[in-house]
Amino acid sequence: DAGVTQSPTHLIKTRGQQVTLRCSPISGHKSVSWYQQVLGQGPQFIFQYYEKEERGRGNFPDRFSARQFPNYSSELNVNALLLGDSALYLCASSLQVGGLYEQYFGPGTRLTVT
Amino acid sequence: AQSVAQPEDQVNVAEGNPLTVKCTYSVSGNPYLFWYVQYPNRGLQFLLKYITGDNLVKGSYGFEAEFNKSQTSFHLKKPSALVSDSALYFCAVRQSSGSARQLTFGSGTQLTVLP
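In the order they appear, the protein sequences are chains U and R.
Numbering follows this note's numbering, in which position 25 of the first sequence is assigned residue number 25; successive positions increment by one, without gaps.
Numbering follows this note's numbering, in which position 38 of the second sequence is assigned residue number 38; successive positions increment by one, without gaps.
Among the hints, erroneous ones may be present.
Said to hold, decoys possible - Pairwise CB distance ranges, derived in the manner of DEER restraints:
hint	chain 1	residue 1	chain 2	residue 2	range
1	R	53	U	27	43 to 51 Å
2	U	7	R	17	19 to 27 Å
3	R	41	U	61	26 to 34 Å
4	U	14	R	14	45 to 53 Å
5	R	64	U	80	42 to 50 Å
6	R	7	U	60	22 to 30 Å
7	U	41	R	54	29 to 37 Å
8	U	59	R	52	36 to 44 Å
9	R	15	U	62	34 to 42 Å
Claimed, not checked - Footprint (simulated), chain R over chain U, 3 or more residues, beta carbon under 8 Å:
hint	region
10	42-52
11	102-109
Just so you know, these hints were derived from the structure itself, not from any lab.
Where is the CB? At the ideal position from N, CA and C, for every residue including glycine.
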């Protein structure tokens, strides 16, 4: 089976622009989470979705939003980009939203804001 | 609030020697604990998890981890290191109940296995 896929792989944007990142979970997985990983740090939780509903939100500004579609794929949107938004954005999927389920990560989207 | 500490930014070990990557955590109630590995320019790869039961958990590629509730630790171990184990390792925690279900990661430990 295919793992978690993310697109695009790399992205360069200018300050103030908007960006949309996409994620397809492992087949059969119903929960998708988004993380931001700044160079030299561990991933920071942004959102978790399950069955198209938001189940958790990290400490990120309202410029960050996400949604999950009926096929369980997901999009992360970031508006009014800042230089500090430059990071690796990771999508992870899991069978369910419960805490004991491990998450499987995609390769990430490298966003550079200039 | 839940948190994870990985006190060593860098661990070096000779090939064939045992390795330990340290992790301590703080969480309300009982923890769910995870170890992930990240290779350059790649996403995170799941290694193992502790949910309940036996304090020694076995995972992928010969790795294991020991849960110690009194010391709030979950150290990653391997009896004999390989050069191919060189990577960035992350410990993560999630509380087992309540509304906060997100994973909280440590800052990572760079493991280098020297030939």
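Here's how the hints hold up against the structure:
{"no.": "1", "hint": "53/R x 27/U: 43 to 51 Å", "result": "violated (29 Å)"}
{"no.": "2", "hint": "7/U x 17/R: 19 to 27 Å", "result": "violated (41 Å)"}
{"no.": "3", "hint": "41/R x 61/U: 26 to 34 Å", "result": "holds (27 Å)"}
{"no.": "4", "hint": "14/U x 14/R: 45 to 53 Å", "result": "holds (47 Å)"}
{"no.": "5", "hint": "64/R x 80/U: 42 to 50 Å", "result": "holds (46 Å)"}
{"no.": "6", "hint": "7/R x 60/U: 22 to 30 Å", "result": "holds (27 Å)"}
{"no.": "7", "hint": "41/U x 54/R: 29 to 37 Å", "result": "holds (32 Å)"}
{"no.": "8", "hint": "59/U x 52/R: 36 to 44 Å", "result": "violated (29 Å)"}
{"no.": "9", "hint": "15/R x 62/U: 34 to 42 Å", "result": "violated (49 Å)"}
{"no.": "10", "hint": "42-52", "result": "holds (count 5)"}
{"no.": "11", "hint": "102-109", "result": "holds (count 7)"}
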